[in-house]
Structures are given as C-alpha cells and as structure tokens.
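Heads up: the protein sequence lines correspond to chains G and R, in order.
Going by my numbering, the first residue of the first sequence is number 1, and it counts up by one from there.
Going by my numbering, the first residue of the second sequence is number 1, and it counts up by one from there.
In short, the hints are calculated from the structure, not lab data.
Any given hint could turn out to be false.
In this list, chains with the same sequence are indistinguishable; a pair is considered to hold if it fits within one copy or across any two.
[Stated by the list, open to error] Taking lysine to aspartate or glutamate pairs in the DMTMM-like style, the calculated list, with each CA pair at most 20 Å apart, reads: (1) K124 with E325; (2) K270 with E172; (3) K6 with E21; (4) K2 with D338; (5) K288 with E21; (6) K258 with E153; (7) K270 with E238; (8) K151 with E37; (9) K88 with E114; (10) K25 with D257; (11) K414 with E154; (12) K25 with E154.
Protein chains: 2
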Amino acid sequence: LKESIKLGIFGLGTVGKGVVEQLRKNGALISQRLGKELQITKAVTANPTKDRGIDLSDIQISSDPKDILDDPEIDIVLELIGGVTDAKSIVLEALQKGKSVVTANKALLAECTEEIFNMAYQSKGLFGFEASVAGCIPVIREIKSSYSGEKIEEISGIINGTANYILTSMIEDKADFQVALKAAQDKGYAEADPAFDIEGTDTAHKLIILMDLAFNGLFDLKELYVEGITKITPLDIEIAEQFGYTIKLLGKAVNTDKGFEGRVHPTLVKTSNMLASVRGAFNAVAIKGNFMGPTLSYGAGAGAYPTASAVMGDVIEISRNLLQEAGQLVPPLASMRDQLSKKKILPMSEVTTEYYLRFSVLDEVGVMSKITTLLGENDIGIRSMLQKGEAHSPKDPIHVVIFTHKAIEKNILKALAKIDSLQFVAEPTNLIRIDTE
Amino acid sequence: LKESIKLGIFGLGTVGKGVVEQLRKNGALISQRLGKELQITKAVTANPTKDRGIDLSDIQISSDPKDILDDPEIDIVLELIGGVTDAKSIVLEALQKGKSVVTANKALLAECTEEIFNMAYQSKGLFGFEASVAGCIPVIREIKSSYSGEKIEEISGIINGTANYILTSMIEDKADFQVALKAAQDKGYAEADPAFDIEGTDTAHKLIILMDLAFNGLFDLKELYVEGITKITPLDIEIAEQFGYTIKLLGKAVNTDKGFEGRVHPTLVKTSNMLASVRGAFNAVAIKGNFMGPTLSYGAGAGAYPTASAVMGDVIEISRNLLQEAGQLVPPLASMRDQLSKKKILPMSEVTTEYYLRFSVLDEVGVMSKITTLLGENDIGIRSMLQKGEAHSPKDPIHVVIFTHKAIEKNILKALAKIDSLQFVAEPTNLIRIDTE
C-alpha cells in the first residue's frame, strides 16, 4: 500500500496557491486524520517562473500538462485553472489515464456535464467537485451522501457572493445598484466585467449541477430561466422591507407535480427565512427533503482559502479511498449511471408563484380600476397593494405596488403586456417573484 | 457480490418506525442511488406484538437480540432503542461480530465514548452515528470528511430543540419560563420530566461528541461546564434585545491557546449572527475553521422523520461501502486511532469571555460606586450599563445591568461573591455569558 499520496496541481492562481498554503499550514493535522502524508509534487501553469509570493521550491513547476498527466506517481490531479477548453481536456485525460481528479470548475461541469460525467462513470475514477458550488459549503457531499435517502423537493441557493454583496449594500447602505456595484469592484468582490455574476450566469452554472445531483437527471443549462439583479432599485428594496421581505438573487429548483422548475432570478424572501439573514459575500443553500424537512447550509462561497478548503476535503476523501484501493463508492452524479436520464426543465411560463409588481403610472382617475381589471381577467388575485408617493405634477409617475396571490407566469406576462401598453403607464412594470416556501 | 443489503432494527419507537416508513416511501429512489435494494428483514423490540399503526408484516419481529445479532444474513444493525445499558451491549456485540452499526444514541456515545470507539476502531467495522447529534444536520460527516483539511477553531451549536423552542416562545410570546415550558410540554416538544433538555445535559452529550471529532481527542463529559436555561427571565430577554442580542442555549467548544474550552450555557448572541435566527425546535451548528472561516448548518434537530433521514444517510453510505467490500475508510472518530488522545477541558474559571450581569439592588446612594469599584478591582472593564426601572418604595429592588469587556471567569466570580454579599443586594446577580465571536 502507498506510503503517501501525490498531488499534481494545474493552476497556481488564487485557489491553487490556497491549496498549497493549506497543506503547509495544516499538513500535520491532515496526516493525523489520513494516516499518511499528502504531497504536492508538481504544478503546471502558463507562467512557471512567475513570483507568486510564497515558497514553492519543493514543487516541480512547468508549463507542460504532460508533466503531470504522464507521471505515474501522481495520484490526484487538481484542475484549478478555470475556463472550459483546457480544463476539459485535462480532466478527461486524467480520468482516462486512471487518475483521480478534483476540480473547482463550475462552468466546465455545467457546460460539459455529459462529457465529463460520462468519463467519470466510465473510468470509475474518483472525481471530486465540492468546490465547484458554494465554496466551502459541503452541499455536493450533502446531496450525494447525507441526503441520499431523501426525495429532494426543493433547492434554494444564494450561490453567488458578488450578487449577494451588492444586494446587501443596497439594503444596508441604501445605495443604488451602480454605486453598490462600484463599491463591490473597489473591494475586490466584483470583477471589472461583472456580467457573469450580476446577470445570473454563475448562479445558473451552480444550480444546474445541484439539479443533476438532486433529481437523478441530466438537465440542460440552456433550459434554465436566468435573470440578473440589474433592474432592482432601492425603491423595490424599501417596499419589500416594508412588507417583511428581503430581495435575494436565488437559484431555485423545485420538484413539482408538473415537472422540474429551474430558475435564477431576484426573489422576495421573507425576513424570517434563514436565507434572508445571509449577508455580504456569503452563500447559503436551503434544501428541502420529504423526510428531513427544511435544511440550510451557510459559509463563504468564494475566496482562496474557503475554496481551497473544499478542494482539500475532496482530496482527503479520495486519498482515504486510494489508500485502501476501495474504488468508486459513490456514483459521480449521486445515482447509478443507468438511472440517470435527460430531464426537461419546466418552461418559465408554466411556473406558478407569487409576484411583486411595481407599476409606474400617471396619477389619473381610473388607473387602478384598469390595472386590477386586467389582472382579474387573467386569473391573478391581489394579496396586498400599496400606492407610493404623490405626483407633484400630472406628468410625474407614481408607483403602485401589488403583491399577488399564486398565479401562473404566462398569465402574469399576458396581463403585463396589456397593462404596459396602456397610455397612463410611464415605465415598464417591474416584476419580482416572491418565494412561496 | 451482494444482491441486497439486509438491515436489522433494534427498537420500533418513533425513530425505528420513521426508518421503516422512509424506506417504504423512498425505497425506489434509494435503489437508484445505491444500485441494490435495502431490506429491513428483522426487528427486535420489548413488545413484538404491539400494534404500531403501520404495516410491519414483512419484518420478522421478536424480543430476542440474538435473532438479529446471530443472523449472518444481517449486514447492518440499527440501534434505535436509546438508553445506555442495553444499547451498549447491542452495539459492542454487533461490531465484534463483524456487523456494521448505525446508532442515533448520543447518551451512549457521550457516556461510553472509549468503550464504543475502541471497539469501532478495533473491529474495523463501519459505524454510523450521524443521527446522534442535531438530527438531520450532517455535522458529523462535515467534520469527518468535508472539513478534514481544517484546523477547527470553534463550534457553537443550538443542539437541543426543546430548549430552543422554550427560549423562542419566551422571546416571541413574552412568556416567562414556566409558561413557555408548559406550552412546550402541551405541544409535545418537551417531556413530562424536562430536566434532560432544560438543564443542558442533552446539549452536553452532543457537544462532547463534536469535540472528540473536531479536536482529535477523547474528552471527559464530566469536565464540561453545563448550565441550563431555568434562570433566564423575560427581563433578561428584553434587555438583551435592547442591546442587539438574543439569548440561546449554546454548546460551545473553542480551541484556544490556553486549551480547549467546552461549555454549555445560555448565551447572548448578536442578532446579526445566523444562530440568532434559529427559531422554535430547529437546531444549528456553527463551525469555524482556519481556512474555511465561519460556516453554519441548520435543520430539524429531532423528530421521527428528520432523525430517520440521518440514520438512512448512514445506512446508504455503509451499504455502498459493503457492496464493494471497501472496509473502514474514514476513522470512526475522524483521526487515526494512534493520534487520538485523552484531552483536558479548560476549567470554566479559566475561560475568558464577555458577561451580562444583572444586579438586583436597593436604590441607595453609593450602590453604583461600590459595584463598579469591586468590578474594577477584579480587572473587569465595563462596556455598557443600564439602570432599569425605578423603585416605588425603598424596599423594592431595581435592576442594574452591566455588559463587561472580556474578563476571566474566576475574576467575575470573585467580584460577584463580594457584590452579592453586600447589604443593598436584594437577589443574587444573574450572570449570562456573551458570545464574542
């Protein structure tokens, strides 16, 4: 049996360096738990000579992927370069060569789900991807192991720290979206090009991975409904608060009688819901099962150290397995390969939920009657209503907010199309969905 | 290789029945994830003929432990009878005979830690006890696997649903302790004899298991400091709220430079802390690691179905292992046997934290000066202070509340002993510790 486990790392960026540092700092503790030593023997990076501010002298660094992939001594390959193309060939080749693989790459897993997991099943390799969703929150291990006796009914995740950081500053500092985004960029929480985070793409990547795991399915990323947070205003946040809600960007998947909902959009969450308490760049994933009921896991969703920690958890789990030559015990996507099938996501128009509708209208006689009539004609019931502010001149729009009862989205869209074409409507209606629990 | 995994259950009470029901309801889903079938073939209970309200006709029920323990067909023994004596012999004998064991019994693990785990290590049996701490919250798997690369710095748990239910009604219904306890009993959240829950014993059992796992140690339950919630008054709750705190019964373990703190007591938790949002009978465990930072896991901490769910998660994990004859991959107590050692808990007098002190004093000249002088003489700094109410007669006590800076507990006790013996002190001072994060 092996005397140590040897790791080869692709990528010495934030996460790669984090893993090196964690092993340096916690190596003795890790050996107490593993019984053997973990060693990072090689790293491959585009720029091997770059000074990275930490001592890497005991690691053989090159720019040639073969140095790791063709080294029979390397037990576990860590893919920490991100991006899709190169990462894909590294992961596929490593698995094919019988190595174990750990990755933090959600874009890769979401966009190339079948290729990657077909290989993981076929090669019977050990494949860890805990770090790909929600940083150090062990949601993947939860679904694959702890909740394996559950019919999972619902997943609601705050799984993009940047978007949550921005929404939190909009709430707590009463900043508008652009100001909050700028602040997030200045503090390093948002990229110079923030589209990926604020438009919901990153949340969608992570949600689709969770859906595959939870629902024994292979879902298509392109079928997810994805809407970002750019149209949320301080006014929406204020009114939501007044009615006992906080606005969060949720990735939400629901196993309904009609089919699987999968959607990413800003959502009004009740203040008493644990998700409402998740502030700043933190993440949380709420999972409901038919026996366990509601659960929630919370932690840092990004950052060098929390992500390294999730990578390290996978590395240790795989190492324990390798040291006893135990083989693949848990199926890579939670269920047996022959039980996995392509599954459809319900079109957004078929989703039933509650809605926050903010109408911007001129303060004329008969406005409310028109709006409520059109809602009624489309089977949309009104739960509460608020008129906000007074017009100072007949041309200033006022805001009317309606909280609806449950309605089907296609009816909402039909009603709004009619309402928004009325002459007294000054701006398109702002629609935000409400979490119905 | 095996065609199915056969389970023998000891105990058909709440949890045992829950496991039977979960397997009935989710059996098909479980087989999709496991690849083989799980079957409950036998049960042993004191009263085999009792009508339990569910169909048990396919399970062979007897009152003789040998029927399960001596049956070579049974792969996994589920110990769900609770209590210590009988449960211990079942678990030890099953492990000794080479069977895998799953238990939900925290009292057994906390009181007989060494005997049980010595056998688990020695027999190399698969031993699951996720259900013993915090119901369906997978905190044991988190520490053993997901967080295995972490130096765990701190654990803070709301791990007794009854106590949290009572404190929540004291907060939300402004009920006093006895009224809230009665309501909890009427609703079935508290036993007729509630001592185990409200005095902190149950929390202590769970905390010691988490400490053993997190700190590679064998700790002595008797060294834990344990204080229940019976002396919390509505007045304390109101003042805490006014200063931005909620009162929770926490089980807390801290890995400090001076040693391991282990303590169970009512605690003032900042309202912005996720733990403050845990309402009713729910549980949550917050764990801090040196790389991942703060995390929290939340869910139902008790009840038939959530507990069954945790048992089932263990059963499936063990079954996956048995089906591939993989052996014990993860050490029963997270670290290798030779790395486990007896560890001491720091005496409570050596703990340093912040304190809420509510003095009940007569409204006389010089009172404040005496109290603050005695605090100062014992190196206790004052962070904020409040005088509550006015005396209607010279004999009515008034309440003076002081929030201290960090101080060492022995100094606090020394100061309080002196203060409480002063003539103007009407009642013993109420001391509640503050969570310093």
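### Task
Classify it for me, K270 with E238: is the Cα-Cα distance of at most 20 Å met within a copy, between copies, both or neither?
within (14 Å within a copy, 24 Å between copies)
### Message
Checking an output row: K414 and E154, CA cutoff 20 Å. Within, between, both or neither?
### Response
Close neither inside one copy (27 Å) nor across copies (53 Å); limit 20 Å.
### Query
Given a CA cutoff of 20 Å, do K88 and E114 count as a within-copy pair, a between-copy pair, both, or neither?
Within one copy, since 12 Å is at most 20 Å while 47 Å is not.
#### Entry: Identical-chain pair category, K6 with E21, by Cα at 20 Å
Intra 16 Å, inter 45 Å, cutoff 20 Å: intra-copy only.
#### Entry: Intra/inter-copy verdict for K25 and E154 if alpha-carbon distance must be at most 20 Å
Between copies only: 18 Å across, 38 Å inside.
### Task
Classify it for me, K288 with E21: is the Cα-Cα distance of at most 20 Å met within a copy, between copies, both or neither?
between (36 Å within a copy, 18 Å between copies)
### Message
At most 20 Å between alpha carbons: which applies to K151 and E37, within, between, both or neither?
### Response
Close across copies (16 Å), not inside one copy (38 Å); limit 20 Å.
### Query
With identical chains treated as interchangeable, where does the CA-CA distance between K124 and E325 reach 20 Å or less: within a copy, between copies, both, or neither?
both (12 Å within a copy, 16 Å between copies)
### Query
Is it within a copy, between copies, both, or neither that the alpha carbon of K2 lies no farther than 20 Å from that of D338?
between (33 Å within a copy, 19 Å between copies)
### Query
How do K25 and D257 come out at 20 Å by Cα distance, when the copy is not named: within, between, both, or neither?
between (50 Å within a copy, 17 Å between copies)
### Query
Is it within, between, both or neither when you check K258 against E153 at 20 Å Cα-Cα?
Within one copy, since 13 Å is at most 20 Å while 46 Å is not.
### Query
Taking 20 Å as the upper bound on the Cα-Cα distance, should K270 and E172 be classified as within, between, both, or neither?
both (17 Å within a copy, 17 Å between copies)
Hint 11 from the list above is the single one not met by this structure.
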